[in-house]
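Colleague: So the chains spell out like this:
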Amino acid sequence: MKDLSVIAPLYNEEECVRLLYEAIVRVLDPLHLDHEILFVDDGSKDKTFRIASELAQRDERLRVIGFRKNFGQTPAMAAGIDHAHGRILITMDGDLQNDPEDIPRFIEKIEEGFDIVCGWREKRQDKLITRKIPSKVANWLIGKVTGVPIRDNGCSLKGYRAEVIKAIPLYSEMHRFIPAMASIAGSRIAQIPVRHHARKYGKSKYGLSRIYKVFLDLLMIKTVVLFTSRPMVWFGVMASLAAAGGLLTFAYTIAQWSRSVGDSLVVLNGTAMLLGILALFLLFAGALSELVHKTGNLKMTTLADIRASFTGFEKQNLEG
Amino acid sequence: MKSAIELSVIVPVVERYDAVAELYGLYKKALEESRRPYEIIYVIDGDFGEVMESLKRLIAEGEKIKIIKLARRFGEATAMTIGIQHSSGSIIFTLPAYQQVEAYEIPRLIESLKNYDMVIARRWPRKDSLFNRFQSAVFHMFLNPVSEYKFRDIGCGVRVFRKQVAQEVSIYGDQHRFLPILAHKYGFRVREVDAAQSPKDTLKRIYSLGTYVQRMLDIFTILFLVKFTKKPLRFFGILGSAVFTAGFFILLYLLIVKIFQGVALAGRPILLLGTLLIVLGVQVFAIGLIGEIIIFTHAKDIKEYTVDQIIN
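Sequence lines, in order, name chains L and R. Its first residue numbered 1, the first sequence is counted upward by one per residue in my numbering. Its first residue numbered 1, the second sequence is counted upward by one per residue in my numbering.
Some clues are possibly wrong.
[As the list claims (entries may be wrong)] If you want a taste of the chain L side facing chain R, the calculated C-beta under 8 Å gives, among others:
| # | residue |
| --- | --- |
| 1 | 43 |
| 2 | 47 |
| 3 | 63 |
| 4 | 65 |
| 5 | 67 |
| 6 | 220 |
| 7 | 222 |
| 8 | 255 |
| 9 | 256 |
| 10 | 267 |
| 11 | 270 |
| 12 | 271 |
| 13 | 277 |
| 14 | 292 |
[As the list claims (entries may be wrong)] Just the calculated beta-carbon pair ranges, DEER-fashion:
| # | chain 1 | residue 1 | chain 2 | residue 2 | range |
| --- | --- | --- | --- | --- | --- |
| 15 | R | 214 | L | 22 | 56 to 66 Å |
| 16 | R | 301 | L | 87 | 16 to 26 Å |
| 17 | L | 287 | R | 242 | 25 to 35 Å |
| 18 | R | 32 | L | 33 | 35 to 45 Å |
| 19 | R | 216 | L | 244 | 51 to 61 Å |
| 20 | L | 137 | R | 86 | 54 to 64 Å |
| 21 | R | 309 | L | 290 | 52 to 62 Å |
| 22 | L | 287 | R | 86 | 40 to 50 Å |
| 23 | R | 269 | L | 136 | 40 to 50 Å |
| 24 | R | 303 | L | 123 | 34 to 44 Å |
| 25 | R | 248 | L | 122 | 17 to 27 Å |
Derived by calculation from the structure, the hints in this document are not laboratory data. For each residue, glycine too, the CB sits at the ideal point set by N, CA and C.
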């Protein structure tokens, strides 16, 4: 077991690899920790993997994981986390926009007893309309829906206690929801401001198209969060709405009984029945997903056991 | 001795088979030409008494053949998986129990694996009837929008691939047919290589209606597997939202008509359609949500990435 693993996903970053490596080494060497650096090459089409492997040949603390093809940022992070040996894990962008100089402050916070430390970009150097505004909206929405007000979910520079992050399922665009998911298990979360540099090389690989994916993921997270606390709430609420609609329509039909004839009765009764069926379906769907949830091997519930001092999620921790 | 085997040839006997001894002779001759140490494994899926006897006779004559007989019919994918489990070579070569391509193409197919992880034979030039070609073309027309690599003969059982491919890509049911598509999705280098079709492969293939329905379902399954494995909510979510929106607009229209023209809702049968669509939309969405929960709770078991190389 090492003390520290620094994980950076790389995708077509041939200009940055060497600089990034040197910057990280410059920061880590004076700390005298038993550390490792993990570069995850996300199927780059340029020389990223070759340059990284050359560096790795000279420094055995640098490990390079090469994907067969481009799978995306979250899988790259997940691969880094799966292969890391550190007690503390730091994830960061591979494009030099995060500053490795911030790493020691993350380690300090984790030593203080926090499970997850999220960076937030104090002076963000990105385009306003395509990057900053959508990100503000997304952060606000994620905060509202999950109840975990993280300032900057999109910032990759984060620090984790290894056993916490290794228990969280990471796929699709889930890396944005790590804090929200971790909070389910009662992790303690801190936030610290970090430096952010304008992109010097290459161009941004992630654009606006993700917004709708984020939205669907958010809905899913909300469901799961609700499930862990109050089972079947989500489906139950929807089922009651449908049932109420059906009953009202039915009552209305009864009230109109004497006045209406033939066709209109069929239409109204039909509508009432459909809504009734929907209510039943949703109840069953709720029961089914309850079953799935219980039998699944979600390790998040065991997280609480890992943490001896289970304190629950405290909002003041987020002020940091 | 065993570790020296480089090439494992797997012949699944599933449905059709040609004269066993003759075909074995052809294959053997071609394999010897490729000058790689090899083994031949016959996987017999259920009761094929005739095949068993021919093989036993061949063994009695001194041929080195490995026979795996399954207790009952399990299907081609299972036969293939078991064959691969019992193989010792690093390269797997699957050959059907009936002749699909000319045997003399075999050494060339093996050689063409050099820079790839999987090579599948495309029967070309084709010798079979127009009807066969037509149904194959239709099948690929539906299939190809699903796959990134445009396959032209996915039904061909002659395939060479590295063992890793089978180990990392899990197949079940009838999916062995789609192994190349899944392998390509996982980032393996896959390509089709033309190989002359054997004249014996020209039998007219007319299947039962059920088989055709099955093929269509297979395409649907593979679409789902390739595009939405880990994102059921994206697929069902779009579908459900679309249906829901349609229903919503119908109801909106009815409401406007009622408010401004005083047409009673009860008098409009289309109210039923609108409600039905909304109900359906919610149901489809809910199914997507259940799917997503399944994935979420099992996400730690399913890797979304495949690693090519790890250094240090």
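Colleague: Honestly, which of those hints from before does the structure not fit?
Modeller: 2, 7, 8, 18, 19, 21 and 25
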